[in-house]
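There are 2 protein chains.
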Amino acid sequence: MIWPGKEKSKEEKEKETSPLPAKNFSTGPEDLLAYGFDSSGRTGRPSAVAWPQSADEVAKVLKHARENGMKVVPRGAGTGMSGGAVPVASQAGISSSLLVLSMERMNRLLDIDSGNLTVTVEPGMINGRLQRELSVYGLFYPPDPTSMEFCTLGGNVAENAGGPRALKYGVTADYILELEAVLPSGEIIKTGAGTRKSVVGYNLAKLLTGSEGTLAVITKIKLKVLPIPQEIITLLAVFDSAESAGHAVSSIIAGGTIPRTLEIMDRASISAVERYSPTGLPHNAGALLLIELDGHPNTIRDEAGKIVDVCSKLDAEVTMAEDEFAKDALWKARRSLSPALYNVCPRKLSEDIVVPPSRIPEMLASISNISGKHGVPMAAFGHAGDGNLHVNILPEDLSQGASNITALLTDLFARTLELGGSISGEHGIGLTKKDYIGMEISPAVMELMRGIKRTFDPEGLLNPGKIFPKEP
Amino acid sequence: MIWPGKEKSKEEKEKETSPLPAKNFSTGPEDLLAYGFDSSGRTGRPSAVAWPQSADEVAKVLKHARENGMKVVPRGAGTGMSGGAVPVASQAGISSSLLVLSMERMNRLLDIDSGNLTVTVEPGMINGRLQRELSVYGLFYPPDPTSMEFCTLGGNVAENAGGPRALKYGVTADYILELEAVLPSGEIIKTGAGTRKSVVGYNLAKLLTGSEGTLAVITKIKLKVLPIPQEIITLLAVFDSAESAGHAVSSIIAGGTIPRTLEIMDRASISAVERYSPTGLPHNAGALLLIELDGHPNTIRDEAGKIVDVCSKLDAEVTMAEDEFAKDALWKARRSLSPALYNVCPRKLSEDIVVPPSRIPEMLASISNISGKHGVPMAAFGHAGDGNLHVNILPEDLSQGASNITALLTDLFARTLELGGSISGEHGIGLTKKDYIGMEISPAVMELMRGIKRTFDPEGLLNPGKIFPKEP
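In order, the protein sequences belong to chains W and U. The opening residue of the first sequence carries number 1 in our numbering; numbering runs sequentially from there. The opening residue of the second sequence carries number 1001 in our numbering; numbering runs sequentially from there.
Hints in this document: simulated from the structure, not taken from any laboratory. Even glycine gets a Cβ: it sits at the ideal position worked out from N, Cα and C. You can trust all of the hints, since none of them are fake.
Which bits of chain U does chain W cover? Going by a derived footprint, with three or more residues having C-beta under 8 Å, they are: (1) 1113-1126; (2) 1165-1174.
Computed cross-link-like contacts, DSS-like style, restricted to lysine-lysine with a CA-CA straight-line distance of at most 30 Å: (3) U:Lys1168 - W:Lys224; (4) U:Lys1224 - W:Lys313; (5) U:Lys1327 - W:Lys168; (6) U:Lys1168 - W:Lys190; (7) W:Lys220 - W:Lys63; (8) U:Lys1306 - W:Lys224; (9) W:Lys168 - U:Lys1190; (10) W:Lys220 - W:Lys168; (11) U:Lys1224 - W:Lys224; (12) W:Lys220 - U:Lys1168; (13) U:Lys1313 - W:Lys224; (14) U:Lys1306 - U:Lys1327; (15) U:Lys1434 - U:Lys1063; (16) U:Lys1190 - W:Lys434; (17) U:Lys1220 - W:Lys434; (18) U:Lys1434 - W:Lys190; (19) U:Lys1434 - W:Lys220; (20) U:Lys1373 - U:Lys1434; (21) U:Lys1168 - W:Lys327; (22) W:Lys168 - U:Lys1168; (23) W:Lys434 - U:Lys1224; (24) U:Lys1306 - U:Lys1168; (25) W:Lys63 - W:Lys23.
Let the hints inform the model, and build the full structure from the sequences given.
What follows is the structure in structure tokens.
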């Protein structure tokens, strides 16, 4: 006769199946809900969430997932706009259960080396926190995604994040020196080098940057940093039309001045911000440019003069923010754009196209045409200086359904590529753009990318269903 | 009865087996000799040389090689220092015959887009020629390898070339936007994007950069360029010892000033230059720093003041080059270093280590110790600001043979890595460092690199025997 044992408590069961101490692993429904979405609006459902606290713990979680037939979805703070951190199975064509690997508790600042202008962090560290720590040493880290107060540096690496300052300073990949990462096999590797130069085999650190958690789990990041610029000038230029603002952008760049930021907001964006959180922007303007210059005081005063000339010739009114308070108000408006548009239209889609800056006027005109053709309101704002526009699509009601939106996006991306652009400047492909990636990437290149994926992750353990469209 | 045909002439035979018009293909012994070496001192022997004039012709040559069991060695101008362009079979562990694919006739400037600050070139274009063409538009391309008057941009991409200006402006990879390349299969691909930002799948353009011709043949290059700086200040600082100069380098960087260049020459380097081509350098100095600042006149005057203060505290004598003539004389001396040392010692080996700039004083002391330990003279010069030292090894006679040099290099690289450095800053691995790459790269990372190689080039058609050590 077999005596049935006492039924195991939930905690006991979890402990038995958990690769980590109980506080770092959960199958609780509230966690499964909270870690099922990111800022793309897409949702999924994991079977477990793990919060590793070291590279060894990451390796343990990967081993656990492999042994239990689970797939693993690495995650920073979930601020991504393309669904890269959303756990999906059926959309990935698999039936495995999913484990979300949240890196948020590996958030230490490991080293600031002001003598060599480098910094070493864990992936869960928040971008904005790093900025504050660096400022004490007179240093800064240029990439500044709009979500910088919330997003993690690991997520920034995974998506090769940009931000307004990318115009002058480049994107995340330009600051990556060395990465520690855990391979799907559980092996911990170091790649890149601690120095500003190194040509020793293929550059895997740059390859991992922007790979959206599909190749390896990043556990340590060594970054270049720069001395804080001496002074910043902030200008606001008010234009009658988006086209004039676009012409100003291309004239400024062609004139050889490279501002730190050169942001555009069109009329729809301005009015959304003013309704959401009034900051005194001129809401009858056709478009605004928010322009910042940094460097030596004399240099940037000269540069500001040139920019005022360019804008004035296009009938813009230019004002200079007189103090920190005025500067902050302008940036607050800029950073409110995404939530403000969400407030206008909770169903909004945020796109992320990029064209050569000289094509900005044409692209703005095309956005207006595409909006009219499909009968769906659109707003455009973003990093005009490097041609990166966040085109927001604002369907008014449910009748403007999925097939219409697909047709609109197809038109938008086709026009972007026609103008020599790219369908994602900084958000990545993730889930939301995988059906469109073939518009930009040829089958031969896609096959190389699939080969690289197989090299790193032969069993497809990491982030299933992202970047790659269904195999033909 | 069979009548023997007239024996075929050499030209007829060549034509029959040539994938290209006769003028673009040769099996002549003088060509086989001329294309058997590069600037590393290593030599090999190809069976044929091809000079394609288009991506289609590259594809034809690759097809011809595949069909004839040949391997292909892509080549720019042969200025590489690590043997990347040397055709070797037995050292690669193969018995195939080798075809050198010289890209020098694909040398057109295809487009200067001053509105978007980009330029598109064919790979055979000489770096220095691009600089002159750009200067007409008020633009410049920062990477400036010392061989810039001879080296090709394709070679620069293959090796991820740097140069003195890399300190402020970064290396070739930082300027790559989009590449066209021919895969070993013959397929022509485009990768990267024409814009400054793009996150659309894995970044294969950055992966090809620095891949030393082992993955694909680059046939078109789109680069970022920058407006020419308004003004340049050139300083010469004379130190009593290499250690003091090293301390100055780390103090300048730690002080938050990033010069355009910060070059060091030690005593042995100075004396070699003065014997080879006297330029009036102070030949009893312990070391020199050649420092350039660029930008707005006021900014760089302030920066120069700070640098003079740092150097003076270390008892250096600092002079400013008064005019273009004086600047050119200093740079002529700097660029003569490699030929001058070759003149001193035709058997010289040029190494290319890099350490964090704060470790330069320790590295210079170690170089001196290693030279003493092995009884082989050494000279050190190079891009001290980013920690990249060209350590020249100058064996005095044949008794200082291969095994001694191997032991010396092993000590040099071990110390470099101990100080947080990398064994190659800009020359690459090629042939000369493949036996040492395992000191820096772990077996797991090496296996990923081999996997990437197999993905691009499953039959091992391109540049056999480079980068990878013999399989264990």
